[in-house]
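S.K.: Okay, here's what each chain looks like letter by letter:
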Amino acid sequence: MQADLLAALNEERRARRAVIRIVDLDSGAERLVREADDLGRDPLEVDLAARFRSGKSGTVETEDGARLFLNVHVPPPRIVAIGAVHITQALAPMAAIAGFDLVVVDPRTAFATPERFPDARLLAEWPDTVMEELAFDAYTALVAVTHDPKIDDTPLIAALNKGCFYVGALGSRKTHAKRVERLTEAGLDEETIARIKAPIGLDIGAASPAEIAVSILAQIIESLRRKPEAPA
Amino acid sequence: MTEETAPETATEAASRDVLAIAEGWRAEGREMALATVVQTWGSAPRPVGSHLVIDADGNFEGSVSGGCVEGAVVAEAVDVIAEGKPRMLEFGVADETAWRVGLSCGGRISVYVERVDGKSS
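Chains A and B, in that order, are what the protein sequence lines are. Just so you know, we're using numbering that gives the first Met the number 0 here: the first sequence kicks off at 0 and counts up by one. Just so you know, we're using numbering that gives the first Met the number 0 here: the second sequence kicks off at 0 and counts up by one.
I should point out that these hints are in silico values taken from the structure, not numbers from a laboratory. Given the structure is predicted, the values throughout are model-derived calculations rather than measurements. Some hints here could point you the wrong way.
Unchecked claim - Residues from chain A shown here face chain B by an in silico Cβ test under 8 angstroms; the list is partial:
(1) 0
(2) 1
(3) 2
(4) 6
(5) 24
(6) 27
(7) 56
(8) 57
(9) 58
(10) 68
(11) 70
(12) 71
Beta carbons: idealized from backbone N, C-alpha and C, even for Gly.
All chains, please: the whole structure from these sequences, using the hints.
M.R.: Take a look at the structure:
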């Protein structure tokens, strides 16, 4: 492996862009393919497209007998939590242990303090002012837990439109019914709205904020690993 | 096997980005090799694409088997760093050496080991 290719590979990974390193297992020849590249001109077009979708690395044999290893790097899954509440305080360390990046967004500066979230990336802003910075993608899970439609609704709609692999919202069935009404008025169709996990979290009888955080994290992992279209 | 690998995997996932570490080592001018799991059969502990980075002194970060065969991979990697030619290593229960180094989970893995060459920009 060439050091400059390693640097280019890491640059893509840091920018949360999917990238594949192809290495010829016999000659050691290598190259990088970025997801934004024109795959139509690539002799491995079909294999590359399939592997960008699945996120799985593996070996392909070409017609001339070469064995090529396709090392697929898709962005690490991350969680964007709307609401710097008690549940999120418990979720933050759990998410780190499970290998997720976490960003916490809450415009209420009494909630979004470094003292309450010593290790998480914290944005004390209204979600709609930081949507570009958050850059929702298929590798993002959105957890909306403020209970306040003024704060939750904008990122919920954005997460559904951007194809986030998990979209969950806190609230009773009654609260959620009102949310469905608002999102319908905002122009979302029934099928899209049905992707929201509400009430949020796996049904394990969670009672405390920490237990609810466990149920949310478990549900995020289930969405990531079980669904065929989810990035692996 | 599962009990042995669980803590390793959690630690690795929580904080250590092997390729970022490799780039950092290169910037320091360290000679090194990259080991990559390229194929697995059966109950292999780490997925295809997992990395281990090794320097010429045998220091390493990452994992290709959750601790089972890292020792053997590191020893081979030191040779690869010296010689420059990539190697394919096979570990599995059918292999006497592999059994000795401990891939006792019943799986088999192929690990590609290559030297990292050139200056980092």
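S.K.: Next, verify each hint and record whether it holds.
M.R.: Evaluation of the provided hints:
no.	hint	verdict
1	0	holds (5 angstroms)
2	1	holds (5 angstroms)
3	2	holds (4 angstroms)
4	6	holds (6 angstroms)
5	24	holds (6 angstroms)
6	27	holds (5 angstroms)
7	56	holds (3 angstroms)
8	57	holds (6 angstroms)
9	58	holds (6 angstroms)
10	68	holds (5 angstroms)
11	70	holds (5 angstroms)
12	71	holds (6 angstroms)
The earlier numbered hints are all upheld by this structure, with none contradicted.
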